[in-house]
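Undergrad: This is what each chain is made of:
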Amino acid sequence: MSRDAERTIYSVGEITRHIKNHLENTFTGIWIAGELSNLKRPASGHRYFTLKDDQAQISAVMFQSEARRVRFRPEDGMAVLVWGHITVYEPRGNYQIRVKRIEPRGKGELQLAFEQLKAKLEKEGLFAESLKKPLPLLPQRVGIVTSPSGDAVRDVCRILHRRYPNLEVLVYPAKVQGSMAAAEIAQGVRVLNRLGGFDVLIVTRGGGSLEDLSPFNEESVARAIATSAIPIVSAVGHEADFTIADFVADRRAATPSAAAEIVVERKEDFQRHVTVLKGRLDKAILAGRDRLEAKVQKVAAHQAFMAVRHGVERRSQQVDEADYRIRGLVERRLATLAKRLDETTRRLEAQRMDHKLGQARATLQALSGRLDAAELKTREGAHRTLGRLGAKLDALSPLGVLGRGYSLTWTAQGKLLRRAADAAVGDAVRVDLDKGSLHCRVEDKDDERTT
Amino acid sequence: MTSEQPEDIKPKDFEDALKTLEGIVRELEQGDLSLEKSLARYEHGVRLARFCNSKLEEAEKRIELLQTNEDGEPVGRKPLELNE
Chain A
1 MSRDAERTIY SVGEITRHIK NHLENTFTGI WIAGELSNLK RPASGHRYFT LKDDQAQISA
61 VMFQSEARRV RFRPEDGMAV LVWGHITVYE PRGNYQIRVK RIEPRGKGEL QLAFEQLKAK
121 LEKEGLFAES LKKPLPLLPQ RVGIVTSPSG DAVRDVCRIL HRRYPNLEVL VYPAKVQGSM
181 AAAEIAQGVR VLNRLGGFDV LIVTRGGGSL EDLSPFNEES VARAIATSAI PIVSAVGHEA
241 DFTIADFVAD RRAATPSAAA EIVVERKEDF QRHVTVLKGR LDKAILAGRD RLEAKVQKVA
301 AHQAFMAVRH GVERRSQQVD EADYRIRGLV ERRLATLAKR LDETTRRLEA QRMDHKLGQA
361 RATLQALSGR LDAAELKTRE GAHRTLGRLG AKLDALSPLG VLGRGYSLTW TAQGKLLRRA
421 ADAAVGDAVR VDLDKGSLHC RVEDKDDERT T
Chain B
452 MTSEQPEDIK PKDFEDALKT LEGIVRELEQ GDLSLEKSLA RYEHGVRLAR FCNSKLEEAE
512 KRIELLQTNE DGEPVGRKPL ELNE
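Those protein sequences? They're chains A and B, same order as listed.
For the first sequence, the working numbering assigns the number 1 to the initial residue and increments by one for each residue that follows.
For the second sequence, the working numbering assigns the number 452 to the initial residue and increments by one for each residue that follows.
Be a bit skeptical, because a hint or two may be false.
Within a straight-line C-alpha distance of at most 20 angstroms, the following computed DMTMM-like cross-link-like pairs (lysine to aspartate or glutamate) qualify [unchecked claim]:
#: 1; chain 1: A; residue 1: K175; chain 2: A; residue 2: D212
#: 2; chain 1: B; residue 1: K470; chain 2: A; residue 2: E239
#: 3; chain 1: A; residue 1: K278; chain 2: B; residue 2: E494
#: 4; chain 1: A; residue 1: K123; chain 2: A; residue 2: E75
#: 5; chain 1: A; residue 1: K132; chain 2: B; residue 2: E466
#: 6; chain 1: A; residue 1: K175; chain 2: B; residue 2: E473
#: 7; chain 1: A; residue 1: K175; chain 2: B; residue 2: E515
#: 8; chain 1: B; residue 1: K463; chain 2: B; residue 2: E494
#: 9; chain 1: A; residue 1: K118; chain 2: A; residue 2: E239
#: 10; chain 1: A; residue 1: K278; chain 2: B; residue 2: E480
#: 11; chain 1: A; residue 1: K283; chain 2: B; residue 2: E521
#: 12; chain 1: A; residue 1: K283; chain 2: B; residue 2: E473
Hints were generated in silico from the structure; no laboratory data involved.
Predicted model only: the values in this text are computed from it and were never measured.
With the rest of the complex left out, here is chain A:
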């Protein structure tokens, strides 16, 4: 500082130093509200941005050591509250605020961090339905990542064992709140994957504040769950609490107890299901016996009874033919009779012999009555014959095949034997009779006989 008559003259450096001292002493530890803009994130990890409102703007810097502790991701346009000190950069004559803390305005920091991570992972596709692994129907080994002293582990284990008494459970002990929790939960998921042999994992903790549940909103936990080869059910907090872990997990359960219920069905339900299926199996094979025996006809079709069958069919055809012939005969005789009647009538009319007409009418009636009776008798006879032949056909039906002494012969491989050529001397065969089976060995054979 120098004096020139009445004037006090500063050098640029001097005044800048004064300004610096003044500003830095006056504006220390202050809160500023504004909108973030022009945010830069160089590789150094420092953050440079401008805070502004509708009247002014101020440059801001946040150094890496503080920036890495920010849980949400600051973005241009965001309304924020910063805390820090004003500093002056002498070489450029600039002032700026050196930001030590930054908070989103409106929403809490945790809420914003949650929404941002959720949006980021969603964009990466970590919540995609196609990534969800199906849960096993019947898990036999279940891994749980949780605090071994919490309510959650007790609830889960109690329900698992109530539903399925013989079940193996291994608990990986992890803190579920506090700064170490996220790392331990993620580690638990990785360790249980490495140990292997688990059908399903449950990642869980009981209810708590948003802060308490926050480890389950950490990216490290989300990544560990997403890369798990074992299906994971997450159950964090109460029904209304949704965490990032819930979105990444293969299934979300509303509560720890619900997780246990999702993981294993009641053993009795399984047993009942299997019993019902076995019942249906038996019923199907019994109810299908008629159909099956119709198949026997095909399988066991043999020329011996094919011949009989053909005979029966031929005779049945003969009956049909006889029936036709009888009908033709009756019709022709009726026609002849009608012709004779016409002639007689004409003759009678010509001779005007009314009494003879009456006689002729009586004769005609008698004749026609006899004809009717004859026709009836012939038809009844034909039907009787048909009935008899039908009964014979029934007796030959494959339904009765086994009952009549035919048998089915099976190879040791369970193949039905149709030809002697398909079995070798010395082969063991099973012969199914109408009742019971014979276990036989082929002593000798004749490939040629066909009837």
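Starting from the structure of chain A, add chain B where the hints point.
TA: Below, chain B without anything else, positioned relative to chain A:
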């Protein structure tokens, strides 16, 4: 359901066995299989039902706590006591 030799088919697990069993029941209920196939399916079905029941009894009740070192690595196991 491709082989005619059901003896060769070992179910992968309970779920696999149950699914196959359900398929066999449906197939038999439709009733348009040959005798040989029906009997083979039936026998296979009976074996699957037996397998399912045995699986339901297979696991052994055990609740354990993994013991870990300061790096979170497993060092042992002990039964977990749950004070109800």
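Undergrad: Now look at each hint and say whether the structure bears it out.
TA: Going through the hints against the structure:
no.: 1; hint: K175/A <-> D212/A; result: 11 angstroms, holds
no.: 2; hint: K470/B <-> E239/A; result: 33 angstroms, violated
no.: 3; hint: K278/A <-> E494/B; result: 11 angstroms, holds
no.: 4; hint: K123/A <-> E75/A; result: 17 angstroms, holds
no.: 5; hint: K132/A <-> E466/B; result: 18 angstroms, holds
no.: 6; hint: K175/A <-> E473/B; result: 44 angstroms, violated
no.: 7; hint: K175/A <-> E515/B; result: 17 angstroms, holds
no.: 8; hint: K463/B <-> E494/B; result: 18 angstroms, holds
no.: 9; hint: K118/A <-> E239/A; result: 19 angstroms, holds
no.: 10; hint: K278/A <-> E480/B; result: 12 angstroms, holds
no.: 11; hint: K283/A <-> E521/B; result: 60 angstroms, violated
no.: 12; hint: K283/A <-> E473/B; result: 14 angstroms, holds
Checked against the numbered hints given earlier, the structure breaks hints 2, 6 and 11 and satisfies all the rest.
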